[in-house]
Amino acid sequence: MLKTRIIPCLDVADGRVVKGVNFVDLIDAGDPVEQARLYQEQGADELCFLDITATHEDRGTILDIVSRTAAEVFMPLTVGGGVRTLADIRNLLNAGADKVSINSAAIKNPDFVREASDKCGAQCIVVALDARKTGPQSWEIYTHGGRHPTGIDAVAWAQKMAAYGAGELLVTSMDKDGTKSGFDLELTRHISEAVPIPVIASGGVGTLEHLVEGVRDGKASAVLAASIFHFGTHTISEAKHAFARHGIAMRL
Amino acid sequence: MTKTIALIDYGSGNLRSASKAFEHVIAAEDLDYRVNLVTTAADLALADKIVLPGQGAFGDCMQTLQSVDGLIATLEEKVLHRKAPFFGICVGMQLLADQGHEHGIHKGLGWIPGEVVPLQKTSPDLKIPHMGWNDILPDQPDHFLLRTIKSASNLERNFYFVHSFMFQCKERENQLAHAEYGQNVTAAVVRDNIFGTQFHPEKSQVAGLNLIRDFLRWVP
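Listed in order, the protein sequences are those of chains A and B. Just so we're aligned, residue 1 is where the first sequence starts under this note's numbering, counting upward by one. Just so we're aligned, residue 1001 is where the second sequence starts under this note's numbering, counting upward by one.
Take these hints with a grain of salt, some might be off.
Simulated pairs of lysine to aspartate or glutamate, EDC-like, Cα-Cα distance not exceeding 16 Å [what the hints assert, rightly or not]:
#1 A:Lys119 - B:Asp1043
#2 B:Lys1020 - A:Asp64
#3 B:Lys1121 - A:Glu193
In case anyone wonders, no lab produced these hints; they're calculated from the structure.
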């Protein structure tokens, strides 16, 4: 049986983890590779790096991190942030990433997703979308960390990206992100039910119960969280056991 | 003498991960192997064991393999005649079939009878691609390559899959293991010295590293 995936996300700026776990057994808590290794030991199912600097000048930094991570962490690795061209994608995949996450470049040019999927395969193209609620059962796509509205309906956008060849969607509620009050379950469920591809729920996790809700009520195939794991509030293993207690199949 | 395991480098995305995983196992188990990334038929000819990774569409992968001068001929000489142990990963495994049905019908290597067909959406909420960790169920539990898996913990029977097409074996004896995903999904195939997995051992943590170790020790 297919297992629900738990994906810890690490925000990386200038090659350093922005919000890191502060465990004593880490030699360097700011080193993304150390963090990746720790998450692997805890049983993470996948790993996500979000390059929040992502200026074109220092693409080399993230590539170096990806390549060092791939040498010792043997699980799927997604890298997002500043993925704008086919060359960006190829460089990340060649460095050892398995998937890339495309966000604003898709909004600027939806055909980029189609082209990327054709050239590299749908399995490595994740489209990340940031949405805000605009009314009952309606959401709009935002960019720039939730500051710029685009006028695009989130569910229609999700369907379009699936049709253009995205292998997976990473759905973040900008209303919920950072609030620790749980996912926007309605948003997650509406999108998950509207597309044939897997959906990853993101944004707002504060408790283990929230993670479970994302799958049970939001119909997500996977959950992504940062701070709940970053700050050592919970381990990946605790999260997996919480799912298992609700009868959800996990890799344990 | 140190043996060579050749990973065929024909532009497939997962090559680096695969080579790192093999290198990791060789170092951890202190095996007398070295990993060689090969791009030419001449280099392939020197290999003791061969790994064919693969990502992307069936037809594209096959076409790229064919575009390397003499590569397929050397592969067939090594694998079919000299019986070098072979490991195909993901599309590298699918290419063993007679033909694939992704974006039209394309001829495969034809080393294991069968076809590569789309996964069936057997229920409305079944997501395709089949993406994530799934436990594999041995069809030939006594096979050497399943010796770790058959007695492994739940954690170590799970492997990472990501695919929308699957290998359908013509002969039951070639299906080594399967996974359940709304249908019986071929997870591993075998025929004499030829082995292949739909899942990615190089992305499957301990379970995958164990399987790589067993492949390196395999004497078919």
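Here is how each hint holds up against the structure:
This hinted pair does not check out: lysine 119 of chain A and aspartate 1043 of chain B have alpha carbons roughly 27 Å apart, beyond 16 Å. Among the hinted pairs, lysine 1020 of chain B with aspartate 64 of chain A is consistent with the structure: their alpha-carbon atoms are about 15 Å apart, no more than 16 Å. At most 16 Å may separate the alpha-carbon atoms for a hinted pair to count; lysine 1121 of chain B and glutamate 193 of chain A meet this at roughly 14 Å.
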